Structure formats: C-alpha cells, structure tokens
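Visitor: Just so you know, the protein sequences line up as chains A and B, in that order.
Position 216 of the first sequence, counted from 1, bears residue number 216 in my numbering, the numbering being contiguous throughout.
Position 309 of the second sequence, counted from 1, bears residue number 309 in my numbering, the numbering being contiguous throughout.
Rather than coming from a laboratory, the hints here were simulated on the basis of the structure.
In this text the structure is predicted, and so the values were computed from the model without any measurement.
Hints are not guaranteed to be accurate.
Chain B stretches covered by chain A per the calculated footprint, using a threshold of three residues with CB under 8 angstroms from any CB of chain A [what the hints assert, rightly or not]: (1) 18-29; (2) 284-296; (3) 314-321; (4) 325-334.
Computed footprint of chain B on chain A; a stretch qualifies when at least three of its residues, placed anywhere within it, have a C-beta under 8 angstroms from a C-beta of chain B [to be verified]: (5) 44-52; (6) 106-118; (7) 207-218; (8) 314-322.
Taking beta-carbon pairs under 10 angstroms as the criterion, some of the chain B residues facing chain A (in silico) [what the hints assert, rightly or not]: (9) R13; (10) T40; (11) G41; (12) I44; (13) E281; (14) G299; (15) L310.
Think of the CB as a built atom: it goes at the ideal place given N, C-alpha and C, for glycine as much as any other residue.
There are 2 protein chains.
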Amino acid sequence: MRIGVLGGGQLGRMLGEAGVPLGHTFVFLEPAEECPAASTGEWIRAPFGDAAALEILASRTEIVTYEFENVPVGAVETIAARRPVLPSATSLATAQDRLAEKRLFAGLGIPTPAFEPVDCAEDLAAAAERIGLPAVLKTRRMGYDGRGQQVLRERSELAAAFAALGEQPLLLEAFVPFDRELSVVAARARGGEIAFYPPIENLHRGGILRLSRAPAPAMSAALETQARAHAGKILATLEHVGVLALETFQVGDRLLANEIAPRVHNSGHWTIEGARTGQFENHLRAITGVPLGSSDARGHSAMVNLIGELPDLAALAAIPGAYPHLYGKRPRPGRKLGHVTLCADSPALLEPRLEALLQLVPEASGVSSRA
Amino acid sequence: MRIGVLGGGQLGRMLGEAGVPLGHTFVFLEPAEECPAASTGEWIRAPFGDAAALEILASRTEIVTYEFENVPVGAVETIAARRPVLPSATSLATAQDRLAEKRLFAGLGIPTPAFEPVDCAEDLAAAAERIGLPAVLKTRRMGYDGRGQQVLRERSELAAAFAALGEQPLLLEAFVPFDRELSVVAARARGGEIAFYPPIENLHRGGILRLSRAPAPAMSAALETQARAHAGKILATLEHVGVLALETFQVGDRLLANEIAPRVHNSGHWTIEGARTGQFENHLRAITGVPLGSSDARGHSAMVNLIGELPDLAALAAIPGAYPHLYGKRPRPGRKLGHVTLCADSPALLEPRLEALLQLVPEASGVSSRA
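Given these sequences and hints, build the entire structure.
Guide: This is the structure:
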C-alpha cells in the first residue's frame, strides 16, 4: 500500500525499513531540516498544519499513520476526512494530554500515581497539600524525553516552579519511589486482536531512555498479568489500531501506569531482531489489515541507545549478537543517533556482551547496574 | 558509507533494506525500466556500459558492488580505477564464463561434472563421444534461471542443438543424475575470515528456484565438510570479498560443483530471518570492512519464491512464522515478484506450515516433495 506518515524521524525510518520488504511505499511529512525516514520514501517538507501539504499527503497515499505524538490533532482530523488515519485522532489526543491519560487510567481502574490538574498557583498549593511532597510538576502537553517536568521537594519551591512552567496547563503528580520502569508494547489489529510483546525493563538517565532489557528480568506471573491487563484495557477502550506503548512504574508487586505513547516506541526497538515479528512490522500489519505476527521473544535482548555521538561501529559489530541501527542524523549532544540491539540465547550470555557494548558507548556507561 | 550498486533488481533492493539500518546510503545503476532497489536509494537509469553514468556512480559513492552477474566486466574495471569495487572483477569474470568456472573447480580439485568446451559442430560431436549422452549443452555466458541450456539425449539431436545455441561459445557437460541440489552461501571479509551459512537444499522447476530449505535436511558430517571445503577454497582463491554462492549437485555422498554466483543469492534469502545475520547484511559488512556477523541458523527455515503472480498476502501473513518479501515489480509470467521465508523451531513444525503456504502459492505447488 501507499502509506503516509506524519513525522519523518527515526521511528518513521524504521517503519519504512519494515515496510519496504512488505511492498509498501511511503510518503513522510516532516517539517524539520533533516528527515531520517527519507531513506525509505518520499519526503514532503512542510509544517504539520500546512493544509496544502496535508492534501498532497492524502492524495498520494491510501492510509496514513503518525510516528510523533506531538502532531497537531487537527492535522490528523484534516487527513481523516480524506483517508483512514490509524491509530485514530482519539489515541493521539489522549496521549497528548497527561490529564486525559491519567483520567483514562483512573477510569479503567488502572493504578496510577495520585494526580491533580494545576491551572493556577492556588491549584498548585492545594494539590501539593493533598498529594504531599515530593511531587512532580509536569506540563500537560508537549513533554517528551523528560522535558517539561520538575520535581518539587519543598513547599518553598512551588512558586518558582509554577513561574517556570505555568504558562500552560499543568499536572501535579505524586513522586513515586519506584523499583524500576517497565513498559508494555503491544499491537492491536483492526479486528481487535492484540499481540503483546513481553514487558521491557527500561533505564533512563537525564530523562532519556538509555537501556532496555527484554523480556524484563525477574517478572513474576502477577506482574506479567497486570502488564497485559492494563495495556489491553487501554488499547480496547481507545479502539486503538497499531502499536501502543504503556510506560509503568513497578512499586513492589504493583504496576502504576505513567503514560502512553500511541505509536511504535523506543523501548520496543529490540523487537526488530529480538522478537518473531518486530514492532514496526506489526504496526504496519495492524493498520493495513493484515493478521498480526507473533510477538514472542527470540531469546533475550538488550537495547542501548546511541546518544550524542557514535561509537566505533566495527568494534560494535564485532560483539556477537550485536545489531547496530543508525538513523542518518547529524550528531548533536543529547540526540538519539541510533541504537544497538544485543541478542543472546540466555541472560548469562547476554550480560557480558552488554558490558562489552557499554564500554564502547560512553554516554550509556554506568546504566547497566540494576536496583 | 555511500555505496554504489551495479544492478537495481530485488537483490539490490534487499542490500538496501539491510544497509539503510546500518546508516549506509545507496546509488543503483539499473538500465531497465523498473528498479525495485530504488525504494532504498537513488536510481541512475543508464546502460552498464555508459561511461558518463559510471562516472556519476563513482563520484557519488565511496565503494561499489554488484548484484547482477551479467554486468560487463569492463564496467567494473572502469569504476575500479576510481573506487574500490568488491567483489572484484576477477570474481565477476570467472562467474560469467562457465568454462572458467569449471576450470577453477578442476584446478582446485573440486569434483565437477565432466565438461568440454565446444566452439564448433565438430567439437560438439567429439565432446559427446568422450563425455557420453545424455549431456547438457550450455552457453558459456549469459545463462541464468535455466536459460541457454539444452539436454541432449540422442546423437541425432546434436546438430539442431548446436544450430540453436552455437552462435556463441558453448560447453558440453555430463548430465548428472543427482539426488538433489545443495547450495553453499558464504561471506568472506577483507581480512580473509569466512562465515559459512549452513548448506541449503534447493528445488527448481522450469529452471527457476522454487523452494529452499535450510539448514538442508539429512546432511551428513561428510557432506557438510565437503560443502565448506569447496566453497572455502573458491572464496580464498578468488580473494573474494562479499557473499558468494556455490551451487552443487549431491550424488550419493559426494558434492559436484555446478556453478558460482559472485553475489548474494536467491537460495540465501531465508537468512534474513532464519540466520543470526542475513546474507545482505554480511555482504555489506564484508565490503565495508566491518567484522562479519554470525551465520548460524535460527531454527529451521524454508523459502518459497513468488513467481508470476502474488498470492493473498493477508492469508500468507496468517501462517505462523511466515515473512513475506515483495519486490515492487509488475507481475509477469515467470517473473520473481517476491519470496516468503517460513521459520520454525523444528522441521516437524516447519513442514505443515510449508504445506499451508504452498497451497497459497499455485506456481510452487508440487515442489515440496523431496526425492
């Protein structure tokens, strides 16, 4: 099929990499000066709100998806009048608003950190009173990779934090001393079938994902059940079609839902080699109406992001089971330039390879130790 | 790296599919009106002998390879004066000439069917006398997918066969009543290391590969040793860099070398999902000087070519472990439009899935039964 994609970053690029072998062709709408996805399709460079560009995208494609969750909902609605857009504007609008997300979780009975909307300084004071400190003040919209967040530990910090972020609607959330972050990546087909990947353990630093392990080590059956149940309820309620990621905090034997991404997700990159069907292929299968492929893991995988600068790729490639992925982006501090997936038949084989890999990736060193 | 490719068919396309994730960019030189590889790179449409086009290709790339063995050796030599071309013109020239191939095998002590060059009708009569009938008369050059070959069973057929093919240099080969065809696909790095994929069992019909199974069933250790030894000698002697395929006939417990392809090979397509590192990725690792990845199989695979028309892809995708690959080519009888790789953890799981797949692929039905 001819598939349009709103956004042309690395997620679009990997959709293209998965889709070209399936015979699909791609048109990407990407306003930035670089479009990593352009290696696998046509690039329309225009703002997401550009009506003429949206019309061109719709006219050249049969179905449209998005790879960036800050695409304006209005752009999706404009295209949806002409072509099917999957996942729908509902999934996008929900994921764009932390309050809508949290209310969705709460409405479905999914545990989530205590939260309160904050629209003025008085709201913040009252919310801090009810939730207690420490707490996290977050913008409701446009947050990603840890931006737009501030941890509040003392009441004296409230005014400055509100001044820094308060130009826009906010949310105060309880600070959760979590054991670890786990994400659930799953694909839902048009007919409602869901393929759940095994839960993934994620380590962040500076708000950016550094390392994922999958299947997540030390998963009890109870945790596994919660992970699938929470993600399944969300997918079904949104009538989501395509891949969705649910980020959770593990606290003891409970999972608290943190946020959703209505798209393929960085913590699911390991699935390209580490699962029977990668998340990018399953997203395309879902939106094009083809039965989903198996989401079972093939052995044990780790995924390390390459951030800011690229390591020596020949040295990387010499590590058994290492699969480098480069995004074709110019290096810049803090920028995701690529990732490496490591696959092994057992955790005992995986960990020493991971240590070797992390020595080549300076930005990631120190992230391997687990709580 | 910026990689130039002589030829832009499905093999070029799959090189691009493997190379884009590694951060490579591609320029394909392809004279035909369709260029399946253009989905993953730039397409220069010009004849292989076009000096200006070769100059453009060389100027836009850092290294050049080929995906079609009937590229003129002169074109490779022209580029080699400007840029490294890997594999070299030697590999290409040898593979283009059945007599050179056979002499290479014989010189290395690799068993091969008896052969004689045929340049005139008298040569043919004498060769038929020495080799005996049945025998196969083949053009020395430009043969592929069974074209340019004729089986001779009676002396009375010699004159007509020579008249049909004799405008060009020929070769008469003994007709070998083989048990099966096995191929060996292997990648050789710049430094001489070789990664051998497990031997592959191939079934042809009408001269076109229909079905491959890998690792080939019922391989004795002795056969496996011969397969690696023969391919290894050829790779080392040619100082080949990149992937090479050796096609052999199994006759009892012996392998007779039939021909080589100095490139990625149809019988190696299963490696994309069925091996730890696919042949396309290992070809790129070899020519770009990156250590080779493991060529170990992941479970058991079968590969079915999609020829002439495409089956129902949703039905295909519903078969567990099925990975369709489409080449973006217009359907035409006899044309390779795509392939499907089937993966399973055991032959017992693989075979019923293969039966289900073959029912969806009419052109391939009947090819599954093994001698």
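Visitor: Work down the list of hints and note, for each, if the structure agrees.
Guide: Taking the hints in turn, this is what the structure says about them:
{"no.": "1", "hint": "18-29", "result": "holds (count 5)"}
{"no.": "2", "hint": "284-296", "result": "holds (count 6)"}
{"no.": "3", "hint": "314-321", "result": "holds (count 5)"}
{"no.": "4", "hint": "325-334", "result": "holds (count 4)"}
{"no.": "5", "hint": "44-52", "result": "violated (count 0)"}
{"no.": "6", "hint": "106-118", "result": "violated (count 0)"}
{"no.": "7", "hint": "207-218", "result": "violated (count 0)"}
{"no.": "8", "hint": "314-322", "result": "holds (count 5)"}
{"no.": "9", "hint": "R13", "result": "7 angstroms, holds"}
{"no.": "10", "hint": "T40", "result": "6 angstroms, holds"}
{"no.": "11", "hint": "G41", "result": "8 angstroms, holds"}
{"no.": "12", "hint": "I44", "result": "17 angstroms, violated"}
{"no.": "13", "hint": "E281", "result": "8 angstroms, holds"}
{"no.": "14", "hint": "G299", "result": "9 angstroms, holds"}
{"no.": "15", "hint": "L310", "result": "8 angstroms, holds"}
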